[in-house]
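Student: Here's the letter readout for the chains.
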Amino acid sequence: RRGRTSPGATSPRPSAPHPRWELAGHAGAAPFHWSESLGRRGLIRPRPRSVVVQLQLEDTVKMAAVSALVRRPLRQVSGLLRRRFHRTAPAALQVTVRDAINQGMDEELERDEKVFLLGEEVAQYDGAYKVSRGLWKKYGDKRIIDTPISEMGFAGIAVGAAMAGLRPICEFMTFNFSMQAIDQVINSAAKTYYMSGGLQSVPIVFRGPNGASAGVAAQHSQCFAAWYGHCPGLKVVSPWNSEDAKGLIKSAIRDNNPVVVLENELMYGVPFELPSEAQSKDFLIPIGKAKIERQGTHVTVVAHSRPVGHCLEAATVLSKEGIECEVVNLRTIRPMDIETIENSVMKTNHLVTVEGGWPQFGVGAEICARIMEGQAFNFLDAPAVRVTGADVPMPYAKILEDNSVPQVKDIIFAIKKTLNI
Amino acid sequence: MLTAVVSRVLSGISQKPASRVLVASCNFSNDATFEIKKCDLHRLEEGPPDTAVLTREDGLKYYRMMQVVRRMELKADQLYKQKFIRGFCHLCDGQEACCVGLEAGIKPTDHIITSYRAHGLCYTRGISVRGILAELTGRRGGCAKGKGGSMHMYSKNFYGGNGIVGAQVPLGAGIALACKYKGNNEVCLTLYGDGAANQGQISEAYNMAALWKLPCIFICENNFYGMGTSVDRAAASTEYYKRGNFIPGLRVDGMDVLCVREATKFAADFCRSGKGPIVMELQTYRYHGHSMSDPGISYRTREEIQNVRNKSDPIMILKNRMVSKNLASIEEFKDIDVGVRKEIDDAAQFATTNPEPRLEELAHHIYSSNPPFEVRGTNQWIKFKSHS
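Protein sequence lines correspond, in order, to chains A and B. Quick note on our numbering: the first sequence kicks off at 1 and runs consecutively. Quick note on our numbering: the second sequence kicks off at 1 and runs consecutively.
Simulated from the structure, these hints should not be mistaken for laboratory data. Hints should not be assumed to be uniformly reliable.
Under the rule of at most 35 Å between Cα atoms (straight-line distance), these lysine-lysine pairs were calculated in the DSBU-like manner [to be verified]:
{"no.": "1", "chain 1": "B", "residue 1": "K265", "chain 2": "A", "residue 2": "K191"}
{"no.": "2", "chain 1": "B", "residue 1": "K156", "chain 2": "A", "residue 2": "K114"}
{"no.": "3", "chain 1": "A", "residue 1": "K289", "chain 2": "A", "residue 2": "K347"}
Computed from a predicted model, the values in this text were never measured in an experiment.
Starting from the given sequences, assemble the full structure and let the hints guide the process.
Tutor: Here is the structure:
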């Protein structure tokens, strides 16, 4: 891909791969393309997506060491950014999504002794995906509880504990297994405050990886955003980067309602720069507010979770052709921030939604319906378009899997179609 | 709890002139000892005692409470047939000794969660008859403001009223976990029926409760029929007190309020001592069918129902005992009945005349501690405001 001969260079010379790139373990892996757009466009962003600063020969820029390599070769490793000549690099705090969630939970566990974590392998194993690493060592058996493989049972136990005044974090190893317990999530947790006429609240967080991973096939790849997003009484969030992950998990834990946090396994190992305000122990991201990751004028592209990254990549590619995409990171599925999307559509007149889940009755379907019902409809110059997972149970073979999840090229194609290019 | 219940009793009998009450109490014994049926034990060396001491005061209290539950359920039956109550209505008349006996064996700071056959426990846990009947008729004066109905009534340390069969059992284990976590020496009574006993999530709850030694008393209210299916058609093992396997269990005569009380005290002490969970099977009987749509005679005979009424009715058993040991007179009980009837009639009057909830409040209480937000109605132009 575009890695080595990146157009992201700000140097007036044609960009050539710096020998140091090899050393950083970059070989063969695709970097973060959206970060390269920064250098190229000379864009000064309030929260730069830069991950690593590279030393250039005539530059006084320091290089920050990178060590956040993800195990699986297919996954993106730390991105590299060429900085402008005369700027000194700030001490960038790089945090993977995994560590951001870990930090968020750690801070909330410390802050409020009623908070505790339960789930399979969360304690002594440090978490099936190592998200809860170190927490059992720090907080012990009372606060970090390993459960038997009994989703319906321990989800019910977690809900009961929440009803009795504690603030549990119930981890599902993946949300596929939450189907075993979905009755407890919906009927016991989501509906109770309403059914009791406001007497009984349920301050619980259900979290875990959601959606497709890599090569785990049909029973382990389902996206539950639409299923949980359907139900009143629940709040459903879907973080993309580290900042999202940390801010949203903290808000979820502090919220007095049942909150479903849909994480993404493929994003766990991906590092992002955590801005200084996100390093504070009281950093919260409000539930119910979307974020504009990238300003644009020609088309609004709305996504949640991992596809946000793909949208930013697509935006970079299209930018070279003069198409400026406005990328909206939903952050929250329910209650959905339709206002941000509407305002964006009224500006750009075009809408593309992107999600990993199946098309029928999905997140994109809901966005399209609501846009039609609102004032933004009159501003659309073309029908809204959805990019989704293929309408099949996830296949195993790589070529089939690659064609079952939305790729950057699919997003680019959809954007061009809607712009009639 | 004692003061609350006593005041309820006193308010019930406050209709009569005080002098008559004083005269009446002079002639009677203060307390008496009764023999109660020995409980069957599972993995226990010793069980609850086989005698129970009943004071006159407690006896009158239990009698009144059971009579209130009985009359309230019959009134609900009547209101349902008059179409004031809609949807589901699961009555527990016949099972009064269970709810009253359980309450007598624990403290108000302990916790209870049960299934949908909950009206009796709603009352014994402190919800007024008015609050219960008005909730059944779907009025704003109902204990859940008309939002919940028969199966979703809550109060302090009482977690409903749950519609999904068996789902309340892991919830109860979770409440027990919270008790242990907080270290407050409280226990949670987690009730389910003989039908629910075959739910897989109950086995999961047993496992975790035993593993983590949660102070959870699992109580199977065995009324011998799960809807229309008798226990021997549903369960390979009908010894529900043994179904906890590695968890000790007691089988209790659920038609005798004293037996239930003693067993509950025993079980609560067991849990409070940190030994972990315990299972109690209360053998009881419901006079009504499963719900109001079930006449209750297609899967059992009228003779069977009549037989239980004649021989094992919990209110009759208590009354006969108290009269036989000179703890109270028949007239006293008649007076209590009159007072109860009045209370129920008054509550029914309230329940049928109280207005329905305001339409503007349709979307309230979706989220807790949330700023108000808009909720969509049946089409995009209908919007409701939601307050917490």
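Student: Do the alpha carbons of K289 of chain A and K347 of chain A lie within 35 Å of each other, as the hint requires?
Tutor: At roughly 19 Å apart (the allowed maximum being 35 Å), K347 of chain A and K289 of chain A satisfy the hint.
Student: Would you check the hint for K156 of chain B and K114 of chain A, treating anything up to 35 Å between C-alpha atoms as holding?
Tutor: Since the Cα atoms of K156 of chain B and K114 of chain A sit roughly 19 Å apart, the hinted pair holds (cutoff 35 Å).
Student: Can you confirm whether the C-alpha distance between K265 of chain B and K191 of chain A stays at or below 35 Å?
Tutor: holds, 34 Å
Of the numbered hints given earlier, the model fails none.
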